[in-house]
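My request is simple: use the sequences and hints to build the entire structure.
Residue numbers (my numbering), protein chains in the order written: chain F, -18 to 221; chain H, -18 to 221.
FYI, nobody ran anything at the bench for these hints, they're computed from the structure.
Mixed in with the good hints, there may be bad ones.
To be verified - Partial list, computed: chain H residues near chain F (C-beta under 8 angstroms):
{"#": "1", "residue": "1"}
{"#": "2", "residue": "83"}
{"#": "3", "residue": "84"}
{"#": "4", "residue": "128"}
{"#": "5", "residue": "131"}
{"#": "6", "residue": "199"}
{"#": "7", "residue": "201"}
Stated by the list, open to error - Here are the simulated distance ranges between beta carbons:
{"#": "8", "chain 1": "F", "residue 1": "51", "chain 2": "H", "residue 2": "164", "range": "13 to 23 angstroms"}
{"#": "9", "chain 1": "H", "residue 1": "38", "chain 2": "F", "residue 2": "65", "range": "35 to 45 angstroms"}
{"#": "10", "chain 1": "F", "residue 1": "65", "chain 2": "H", "residue 2": "71", "range": "29 to 39 angstroms"}
{"#": "11", "chain 1": "F", "residue 1": "62", "chain 2": "H", "residue 2": "198", "range": "43 to 53 angstroms"}
{"#": "12", "chain 1": "F", "residue 1": "161", "chain 2": "H", "residue 2": "142", "range": "18 to 28 angstroms"}
Here the structure is a predicted model, which is why all the values come from computation and not from measurement.
C-beta: ideal position from N, C-alpha, C; glycine also.
Protein chains: 2
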Amino acid sequence: MAKFYGIGVGPGDSKLLTLKAAEVLKQLDILYTPEAEKDGGSLALEIAKPHFSGELEIKYRHFPMSFNQGDKESKWEAVAKEVIEDVKRGRDVGFITLGDPMIYSTYVYIMEKLINQIEVETIAGISSFSNIAASQNLPLVMDKEPLVVLPCTADESVIDDAMKKYSCLVLMKVYKRFEMIREKLEKHGLVDYAVLVSNSSQGSEKVYKNLREIKSSEKISYFSTILVNKQYGSKNKDND
Amino acid sequence: MAKFYGIGVGPGDSKLLTLKAAEVLKQLDILYTPEAEKDGGSLALEIAKPHFSGELEIKYRHFPMSFNQGDKESKWEAVAKEVIEDVKRGRDVGFITLGDPMIYSTYVYIMEKLINQIEVETIAGISSFSNIAASQNLPLVMDKEPLVVLPCTADESVIDDAMKKYSCLVLMKVYKRFEMIREKLEKHGLVDYAVLVSNSSQGSEKVYKNLREIKSSEKISYFSTILVNKQYGSKNKDND
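As structure tokens, then:
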């Protein structure tokens, strides 16, 4: 029976897909992917490409990122309808998404529209924070500690509260909020235990071990994540 | 130059390793792994086995899980010394660990002892919670929400505080603390949005969508995780 697969492709390196994800990509008939973005293409597509079979049909569709909920809904609805038709006529259909499909991914918008209509299988992917921690040999969290994953787009009071209470944090979607986040890390005594990594495992990866040294003029990449670990974060800097 | 590799093997299915992890396993000269445990063997070893080359030398060593810090330290120290010798005589050495090496893994104890002595490369793995979310088609977290990953061994006040404040939670190391956790989920109005999965992606996987129905006599597996999502958790139950 044909299926719809939501596939996490990880943060950048094509070898960070799971064996399962790579196998499924090879067997797909159709892949849905966002139309070329302003920056000249879809990163998820570049990551997945080495695993495509020759016969794969790629359907470029428009997935708006606008905040206009109504407009967004109707576009996703249209794609969902097309996906359902493809699966019902026996095609294995895939949708690829960066990192882990269940962590802050718009994949969920389409998954929700398919779930009661056709068979949906989601395949986990390596999240950017998991890969940053591994590549920096920096533990995310140990023993009895909690870990808080926080989007920097959250309300400032939520960010303050988390920084006050927890000593292991992942700060995602840093982007244009870097200055605000840096100030808060300083205020809560966490900046010495923080590392910022942009474009993890991509050719353009950048590691900033000292957040104080980042110039205000520096353009922080869209794909940037800060890890904070009060127990291990400063040791990490000493290892250089 | 020879290296030490810390390799995350994911939650259970041998196909949930990354392509990178599988490649590294094939190239290793020596693999260190814990001596057979009471339950008859190391799960990580079973998961990794399909990826071993014929010439791999497996060194079974004793990694105590005792809480006696001094005793634990000296055992890890002894293994670290042996690993360093192996790498210095040109062998590629590996250590495998369940799930993600940077999330509550004792791998960190040995990594810390090697990091300034030899080259250490850690390879990310799929965490149990990432795989549970994917296999249940249940988002961990979306939009501006924070996600809290909490070991059930944490102080009860820490657990209460997190359950009061956050609506997306991952509760790890449930095990013998299940009754306490279930009471707290009930108290904080979260039990309807929770799912418990044991042995994710293993042959013995068990999914409990209604935590209220779990009998007190039920033995909750050591590898059990609860996901809570106030926005998506109850929809998930309706999908059956």
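So, going through the hints one by one against the coordinates:
no., hint, verdict
1, 1, "holds (4 angstroms)"
2, 83, "holds (4 angstroms)"
3, 84, "holds (5 angstroms)"
4, 128, "holds (4 angstroms)"
5, 131, "holds (5 angstroms)"
6, 199, "violated (25 angstroms)"
7, 201, "violated (19 angstroms)"
8, F:51 x H:164: 13 to 23 angstroms, "violated (42 angstroms)"
9, H:38 x F:65: 35 to 45 angstroms, "violated (52 angstroms)"
10, F:65 x H:71: 29 to 39 angstroms, "violated (56 angstroms)"
11, F:62 x H:198: 43 to 53 angstroms, "holds (48 angstroms)"
12, F:161 x H:142: 18 to 28 angstroms, "holds (25 angstroms)"
Hints 6, 7, 8, 9, 10, counting from the list given before, are not met by this structure.
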